[in-house]
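Number of protein chains: 2
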Amino acid sequence: MNLNQLLKPRTIAIVGASEKAGFGGDTTRNYLKFSKNLDQLYLVNPGRDTIFGRRAYHSLSEIEGDVDLVILCTPQKTIIPLLEEAAGKNCGGAVVFASGYGEVGPEGRERQRELVEAADRLGIAVMGPNCAGFANFVDGIFAFAFLVEERERGGNIGMISQSGQIVLGGLDSPNMGFSHVISSGNSCNVKVEDYLDFLVDDEDTKVVAAYMEGVTKPEKLVAAFQKAALKKKPVVVLKTGRSSKSQELAKSHTGSLSGADKVLRAVFKRYGVVEAGDLEELMSLAAAFSWLEELPKGERCVFMNVSGGEAGVMADLSEEYGIRLAEMQQETKAYLKTLVPDYGSVNNPFDMTAGIGYNTPVMVQAMEAISKDPGVDAIVVAYTITLEIWDDTISHMVEAVSIARRDKTLKPVFWIPFIEHTRHQESADILKAAGTPLLPTGRYGCTALKKILDFAVRTFEPMEPAVPEGKHECSHSLSEFESLNYLSSHGVPVPPQAVAATADAAVEEAGKLGYPLSVKIHSRDIQHKSDVGGVKLNIRDEAELRAAFAAVMDNCAKNAPDARLEGVLLKPMLKYGTEMIIGVNNDRDFGPMIMVGMGGVFVELFKDVALAPAPLTEKQARDMIESLASYPLLNGYRGGAVCDKEALVNLLVKISEMAAEGKDKVKELDINPVFITEDGAAIADALLVMYDD
Amino acid sequence: MNLNQLLKPRTIAIVGASEKAGFGGDTTRNYLKFSKNLDQLYLVNPGRDTIFGRRAYHSLSEIEGDVDLVILCTPQKTIIPLLEEAAGKNCGGAVVFASGYGEVGPEGRERQRELVEAADRLGIAVMGPNCAGFANFVDGIFAFAFLVEERERGGNIGMISQSGQIVLGGLDSPNMGFSHVISSGNSCNVKVEDYLDFLVDDEDTKVVAAYMEGVTKPEKLVAAFQKAALKKKPVVVLKTGRSSKSQELAKSHTGSLSGADKVLRAVFKRYGVVEAGDLEELMSLAAAFSWLEELPKGERCVFMNVSGGEAGVMADLSEEYGIRLAEMQQETKAYLKTLVPDYGSVNNPFDMTAGIGYNTPVMVQAMEAISKDPGVDAIVVAYTITLEIWDDTISHMVEAVSIARRDKTLKPVFWIPFIEHTRHQESADILKAAGTPLLPTGRYGCTALKKILDFAVRTFEPMEPAVPEGKHECSHSLSEFESLNYLSSHGVPVPPQAVAATADAAVEEAGKLGYPLSVKIHSRDIQHKSDVGGVKLNIRDEAELRAAFAAVMDNCAKNAPDARLEGVLLKPMLKYGTEMIIGVNNDRDFGPMIMVGMGGVFVELFKDVALAPAPLTEKQARDMIESLASYPLLNGYRGGAVCDKEALVNLLVKISEMAAEGKDKVKELDINPVFITEDGAAIADALLVMYDD
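For the protein sequence lines, the chains are W and D, in the order given. Position 569 of the first sequence, counting from 1, maps to 569 under my numbering, and the rest follow consecutively. Position 105 of the second sequence, counting from 1, maps to 1105 under my numbering, and the rest follow consecutively.
Worth flagging that the hints you see were computed from the coordinates, not collected in a lab. A couple of the hints might just be wrong.
[Stated by the list, open to error] Derived PhoX-like pairs: lysine-lysine, alpha-carbon spacing no greater than 25 Å straight-line:
hint, chain 1, residue 1, chain 2, residue 2
1, W, K231, W, K220
2, D, K1607, W, K450
3, D, K1607, W, K607
4, W, K558, W, K536
Taking the hints into account, I'd like the entire structure generated from these sequences.
Put into structure tokens, the structure is as follows:
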């Protein structure tokens, strides 16, 4: 869908324009106040001849020529007729403020369906309904319904939100400058994903910030994320729906159905999408990426503090948030030592003392020296900026940063305050001009810094995403034998196996497989084989095999009388190793998700699993394994075996390829356990669930 | 130590008073500007006759009458002679700004030792050295060396910090009002613990906020904490030294040695000390406790939001931070439903919509209704307060809170903004007057709210703390037999056991104990018995016992030739159960700490342990066990056994009593494992380490 007529219109009509408070009046007032060019604006109101001294048209049809965008400030009932009238003016975009749609139960949902149908039929991209509109600061178009105070807001952040209130929060943030701001509301025929795609493409947008309640176009979302990753354009997303309570609220708020949260998080991770935990993070991360002139080349930071106490606080926080402290060279330290008073010492965090804090030129020298150190990637000045600047140190330090940053080879600088006092706008403006993000306080600041550093250093491996093409309702399970055969025929290494319908056949197959082996009932109707006496292990010879065959068949006939028994499944006993589990769950939006974890309570109690979308590269598979808290258990823990991690990596990659290829066939796979030994990885049991169609 | 002459002096002399910038000048200027009563102030400077138009004394001796407090703005070398001179004026307190002491290596530490010696000898309580002084807002005494802007700062927060910069941060916080502010610096003869004790006692102080780098008077600290807990006076502490880096910094900063961090955290928990993770938390928690007129009676909150998007964000955050959402009664919900527009719905978080947000009287009605609901303990209004109030909603909502809070039976109200905009001081002032804490944004706000609710609902069980009386250097291990006997003779239940020096004696003892049993080498020189072949399990009869005796003795003679072998230890085989470990570590400051965790990798990899100071009540022991992530494994996990938790509770209590009683005897105890079964808890192995003296 081309959004240019909606978001970059040449001619605009406000329908329901007015001088009174309310959507019509506020939108008109905002438009006239904040928009750059009023030549191509038409105000439409059947009851008025002029509005704020401008000609008012009585209807859209009265306008001469085409109208790219209509901003509909009128009630729900009027919307479809107005869209039809607008279509006669070759209109390609509409903003619909009216509520009473998907957010208000079955009748509303039906009205929204009708609206989408009309919009699609007429070829009009609709923003809303139940939205607050948009502002395009690049072209100077302010089609936004909530009043805001007068301020320059232009910049390079493209922001989308399903909640108008949250857009307002962004607009009210004095440190955010925008290319586009979009309140998408119920996102009826233009979805959050479409706007996201627009902003990722948009050259005036340096960073995309999105508040999302749900996903409706997963393929488009993934494609936009991939495009952003390839450009290394930061996309910061706050997604609600982590709690069941907020899922419930999103449904009643904009009619969104929230996707499975863990899956979305794994998708974010794959594409380097920066996830924000709340609004403060969303705004501050967007502002930080917006201000930064260049990303750090690595993640090693030097903190500069003015007191030992604050340096100590920063040391604790940097460890807590996994921020890597740079190890400066002896030469750098020796030089810094000449700058600090006798009682100072050169550590990282570097307590430069008030001596340097009060001395602009010396602080510039210190920053230059730290920046030149090859072991340093970024400098973080940590000091509270008070509202009413009495403390001289702040102005000295802000000035020092500003001077030091004139050297464009200086490594990136960040500023973290300790207490929420960072509203001294003049200091903020100087830092912004110096490309130095003023992060929020303490923990927020460290969270933001860590996410920015992670984004800066990550490499992206483009992969063809495996989003399913169809929606599949019905499915059926395969037997263990069939499951393993399917895996094997799709390139996944599985141990040898055979089925036998009679004891004689079993003996013959056992001759080929070799003893000792396991005997399990072969029946697609029995999933919990042990529960019905359908498993015998460690069968050492023919006599034991015949006895086991008889016992397994008898037990199952007795304990599962309705099951079709097709004989037994024979497998050589595997070498026991570390037990892992591997799973595939085919998400209806994002396709097969690969899960790996240590078997047993590690998965269940400590939730120690890694999740990633299929397919996986070897590096991605390795990263998943190494991200497990229980990973040391695979790696020679306490003198134990060093397991064959590469065999597990290979298994994960092959399974992920099978799952990606089978994105419209394989619903679930449960491998539990797979034994990882010093020289391999062997699947001991597997259950595949396939779609019927 | 009585701190009244130091902190509440009647007569004060500033030595080194001056008109010039620097400690002397800034302190003088501050004192003259901010202190209430200048009658009893003497300015001392040998080279001046007047300072700022006031008479200057050439020496302390020149002053007629006594001087309670001297503020020494002079260099390090002059300090001891001045203290001696001051003692002649019956001086009982001194503030020493000078640096060059414990923070600057061995010579400095020696100078500090001399200073302490002089102060103790002269009976003078010294604040500092290397400090920034104090301000007593109750009596109007401003003995502080850093300049701050003019503002009313009186209030009920008592703040102590080893870092002057951090005190300055507090003083600069517009929402903090203080009774006392103390920059203790190197805390030479008056320690942080002494100030803490003073503020816990002080009736003008409602909440104590402390920044600490180390502990030097553990007994005093614990006593002050216990006193505060009994009064339910909140004590908020930021302790650095969580990371090794910050421990290193603290040492170079104020010469503090940071105590074992986990131990201190367990002590905080015992006494309900509210721990702050950084400065933002320290300040905002202090301010919140200061503003609150009454603590909530329970922890069930209702959130009031103005948009569905923000309600969703709040729902996610409240779940993440464990804030309990109140379930309102149907009656309350039905009433609220009449207040919201048609499209609104009544959930918690309650999206009251802009309809109520803009309507002060209706919001007051909503708050009253929510407050009257017996299922609600507190109300949290969540809305961003912008700097330049354009958005009418804010003033309407702030006004509504203010009106609703006039009813003193209204349950406590908190305010959490979403984005760091909370510097609209007029709104903050109205909320403060209404006893409604304005918390920081999102995550910080939720952290603070959770900590306040936890503090509000916790009950304190006073216990005699077991702080060791002596310092013990040398220690020795007991054998397993001796360890278990010691435990047994100190009230800890242990399974039967016997030692035998010969095979015949072993057979005789086995007859009393019963088979099957375990045979282990009995030697205090061998700690890892299995490693030297010193263990045989599951011995079923006399023949096996004799063989085992011979094998164990032979193996150890061969593999541990230097060990004194005293025979074997016999114990009936225990019923296998869930393996737990219990440990005691006698902290030199805070005494025996009891540790419990699930055995094996749970402790080692997931650090899933609970720690608490001895002794323990049954409730405390139970809380420890239930706090383990692996606790479900004890409690019928996946159809497993429901272990005898009460037996484990009893064991912990008995061990803690043994450890508390042995606070100057027992250094360490390592019980690994103890088997917890459906009907008991049995210690399988124990190692005690005892102090020599």
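Okay, the hints, checked on the actual structure:
no. : hint             : result
1   : K231/W x K220/W  : 17 Å, holds
2   : K1607/D x K450/W : 24 Å, holds
3   : K1607/D x K607/W : 15 Å, holds
4   : K558/W x K536/W  : 16 Å, holds
In summary, the structure agrees with every hint in the numbered list given earlier.
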